[in-house]
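Chain by chain, the residues run as shown.
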Amino acid sequence: MVETTPTPIDEEVPEAEAGPSVLTRLFGISALGPFIALILVGAFFTLKSDRFLTGTNLSLVMQQTIEVGTLAIGQTLIILTAGIDLSCGAVMALGSIVMTKLAVESGVNPILAIVLGIAACVAFGLLNGGLVTFVKLPAFIVTLGTLNIAFALTHIYSGEATISGLPGAMTWLGDTFQIGGTAVTYGTVVMLGMYAVTWFVLTQAPVGRHVYALGNNPEAVRLAGVHVRRLLIGVYGTAGLIYGIAALLLVARTQVGDPAAGQTDNLDSITAVVLGGTSLFGGRGSVIGTLIGALIVSCIRNGLTLLGVDSIYQVLITGILVIVAVAVDQLTRRRSR
Amino acid sequence: MSTTTTTVPVLEARDLVKRYGHVTAMDGCDFELRDREILAVIGDNGAGKSTLIKALSGAIIPDEGTILLDGEEVNFHGPLDAQRQGIETVYQDLAVAPALTIAENLFLGREVRRGGVAGKWFRMLAKRQMQREARAHMDELKIGIRSMRQAVETLSGGQRQGVAVARSAAFARHVVIMDEPTAALGVKESRMVLDLILRIRDRGLPVILISHNMPHVFEVSDRIHIQRLGRRAALVETKSISMPDAVAIMTGAKSGEIAA
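Taken in order, these protein sequences are the chains called E and Z. Position 336 (the first sequence) corresponds to 335 in numbering that gives the first Met the number 0; numbering is contiguous. Position 47 (the second sequence) corresponds to 46 in numbering that gives the first Met the number 0; numbering is contiguous.
Bound conformation, chain E alone (with noise of 0.2 Å):
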């Protein structure tokens, strides 16, 4: 190991020099105290509820985690470069009327109607790239307008009507297979396969560097030679097909096409986000903990369920752990400057 080679030190080093631990390597910094927040919400609702900790539940945790967490994969990216994307539900919402009523209504083919579906999100994404880059609004406000452009075509385009009926090629990700007795939809193993291909890029390749790079200092970046506007449009590209993805699994969860879907899922994978470790001020996180963060919430949402706690008191507790969650997150930096 190159690390541990003695080396003249010419004034005091601070603290932390050595290597990562095993842990922290495997997590990342940022995602190790949102896992062991995870292991606690888990132990107690093990021992509050005898049904929590089955195969048959927690199938039902993932299959509720799988819109918000896989937008909460595209809400990561953004956030990683400084950004933000109130958009991400509404847009969503689109892409599943798109292709379900092309589909249903038009007779188009399924296959090219889910192509066109996720085509439509990805030119959200790409309007939202474009402004914040080119225009360079903040991404605050031109989410929150394409949000209601988004929403309000959704509503146009569907009559407000629900669409049913779907094609067998839109809601096949919606079956299941079975696993040591637990039934998987193939959906929640779409959405565990994006994470783990945003994981690679993030942590692999030059690109994932540059995009951390971004949120930390984007004059570094520039003067790197990294072109800038090009990848800040390919984050907010690459975050409408995931948000196209998602569309997709929604569909074939609830196997209809629903203009009211997604209505709070804007906020809920920013909860994700920010309860996974990852900095709103960009540059730090990973997107392990993001799935970890929607994992929690989904595990205290279906864990109060379970204990048969009113709904509203699950949206209070989530309220209450994203302040906490940003509170020790800025708390422990400040320590550590």
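The set of hints was computed from the structure by calculation and includes no laboratory data. Quick reminder that beta carbons are idealized off the backbone N, C-alpha and C, glycines included. One should not assume that every hint holds.
Said to hold, decoys possible - Here are some, though not all, of the chain E residues that point toward chain Z, as calculated from beta-carbon distances under 8 Å:
1. Asp49
2. Pro205
3. Ala219
4. Gly282
5. Arg283
Claimed, not checked - Derived DEER-like restraints, expressed as beta-carbon distance ranges:
6. Z:Gly77 - E:Ile148: 34 to 42 Å
7. Z:Gly156 - E:Arg50: 49 to 57 Å
8. E:Ala195 - Z:Arg35: 50 to 58 Å
9. E:His154 - Z:Arg172: 19 to 27 Å
10. E:Lys47 - Z:Arg109: 28 to 36 Å
11. Z:Gly115 - E:Ala195: 16 to 24 Å
12. E:Arg229 - Z:Gly85: 23 to 31 Å
13. Z:Gly185 - E:Ala195: 43 to 51 Å
14. E:Val114 - Z:Asp14: 52 to 60 Å
15. E:Pro137 - Z:Asn74: 48 to 56 Å
Said to hold, decoys possible - Chain E residues, not near chain Z, derived (Cβ > 12 Å throughout):
16. Phe44
17. Trp171
18. Gln177
19. Tyr185
20. Pro217
21. Arg221
22. Gln262
23. Gln313
Dock chain Z against chain E, hints included.
Positioned in the frame of chain E, the structure of chain Z alone reads:
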């Protein structure tokens, strides 16, 4: 230094002009950097110092005049062009990404990928190799930091600037330009960066040092380019001029000469 006058300057500029509307930032400015020297560029605010440096590092395109690298005319259309020609710039505002590691910062934008399928198809980073090379660069400049996997934000200001300097030195083939590298640093940390500048020159690279700090300029530079009113007011060997005289030329209290 008189023996080197016959050799071609590494970087040369002739009659550079740059206008911003009615303001003429550079008005027929000349510039000359020789091999293996530290050339300090000094001048009052508004003397066109940073315009000159931006032109040399490709950040702006001059309206008139020519820039020659090793005697051949070059036209930079952006900082990347200058970088490709082996001119690296260290900026005063510590242009590093704090949350990334030292190795990642050193190779930012110039990442090394693995060989074979992993690098070509999956674009995987050669992390070990970059850490090893980062270690070699940092050791060469005697910047003592134990782990290359340490985030830059855990370093002191001087060490951070050390990373930025090492990065430039690692990739510069022709010239290292340093824009106020000690402006944000304390006494001890400035000392460290000045030592780095000397080491880079001793390794064989010429350095352009832009600084407001006269003691620093007189301590490390071989020659001084004094910029005034958009042109070169004087080019002198550091040991042949006193600090008050340099300041006098800078402020126009005294006229300078262009020494060969």
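Consistency of the hints with the structure:
Hint status for E:Asp49: violated, given a least beta-carbon distance of 43 Å to chain Z, over 8 Å. Among the interface hints, the one on E:Pro205 holds; its C-beta lies about 4 Å from the nearest C-beta in chain Z, closer than the 8 Å criterion. Here the hint on E:Ala219 is kept, as its CB sits about 4 Å from the closest CB of chain Z, short of 8 Å. Because the closest C-beta pair between E:Gly282 and chain Z is about 5 Å apart, less than 8 Å, the hint holds.
Because the beta carbon of E:Arg283 sits about 5 Å from the nearest beta carbon in chain Z, less than 8 Å, this interface hint is met. Separation of Z:Gly77 from E:Ile148 is about 35 Å and conforms to the stated range, judged on CB atoms against 34 to 42 Å. Taking the beta carbon of each, Z:Gly156 and E:Arg50 are about 56 Å apart, inside 49 to 57 Å as hinted. The hinted window of 50 to 58 Å between E:Ala195 and Z:Arg35 holds, with their beta carbons roughly 51 Å apart.
Under the hint 19 to 27 Å, the C-beta atoms of E:His154 and Z:Arg172, about 60 Å apart, miss the expected range. Look at E:Lys47 against Z:Arg109: about 54 Å separates their beta carbons, and that is not inside 28 to 36 Å. Between Z:Gly115 and E:Ala195 the beta carbon distance is about 21 Å. The supplied range of 16 to 24 Å therefore holds. Take E:Arg229 and Z:Gly85: their Cβ atoms lie about 25 Å apart, and the range 23 to 31 Å holds.
In this structure the hint that Z:Gly185 and E:Ala195 lie 43 to 51 Å apart at CB holds, the actual value being about 46 Å. For E:Val114 and Z:Asp14, the hinted distance range of 52 to 60 Å is satisfied, since their beta carbons lie about 59 Å from each other. The hint said 48 to 56 Å for the Cβ distance between E:Pro137 and Z:Asn74, and at roughly 37 Å that hint is violated. For E:Phe44, the non-interface assignment is confirmed: its Cβ lies about 34 Å from the closest Cβ of chain Z, beyond the 12 Å cut-off.
Listed as a non-interface residue, E:Trp171 keeps its Cβ farther than 12 Å from every Cβ of chain Z; the least gap is roughly 28 Å. No Cβ of chain Z approaches the Cβ of E:Gln177 within 12 Å, the least distance being about 32 Å, so the stated non-interface status holds. With 12 Å as the threshold on Cβ separation, the claim that E:Tyr185 sits away from chain Z holds: the shortest Cβ distance comes to roughly 24 Å. For E:Pro217, the requirement that its beta carbon stay farther than 12 Å from each beta carbon of chain Z is not met, with the minimum near 9 Å.
Against chain Z, the non-interface label of E:Arg221 is violated: not every CB pair exceeds 12 Å, the least being about 8 Å. Here E:Gln262 stays apart from chain Z, with its beta-carbon at least about 34 Å from theirs, past the 12 Å limit. The Cβ of E:Gln313 lies farther than 12 Å from every Cβ of chain Z, with a closest approach of about 33 Å, so its non-interface assignment holds.
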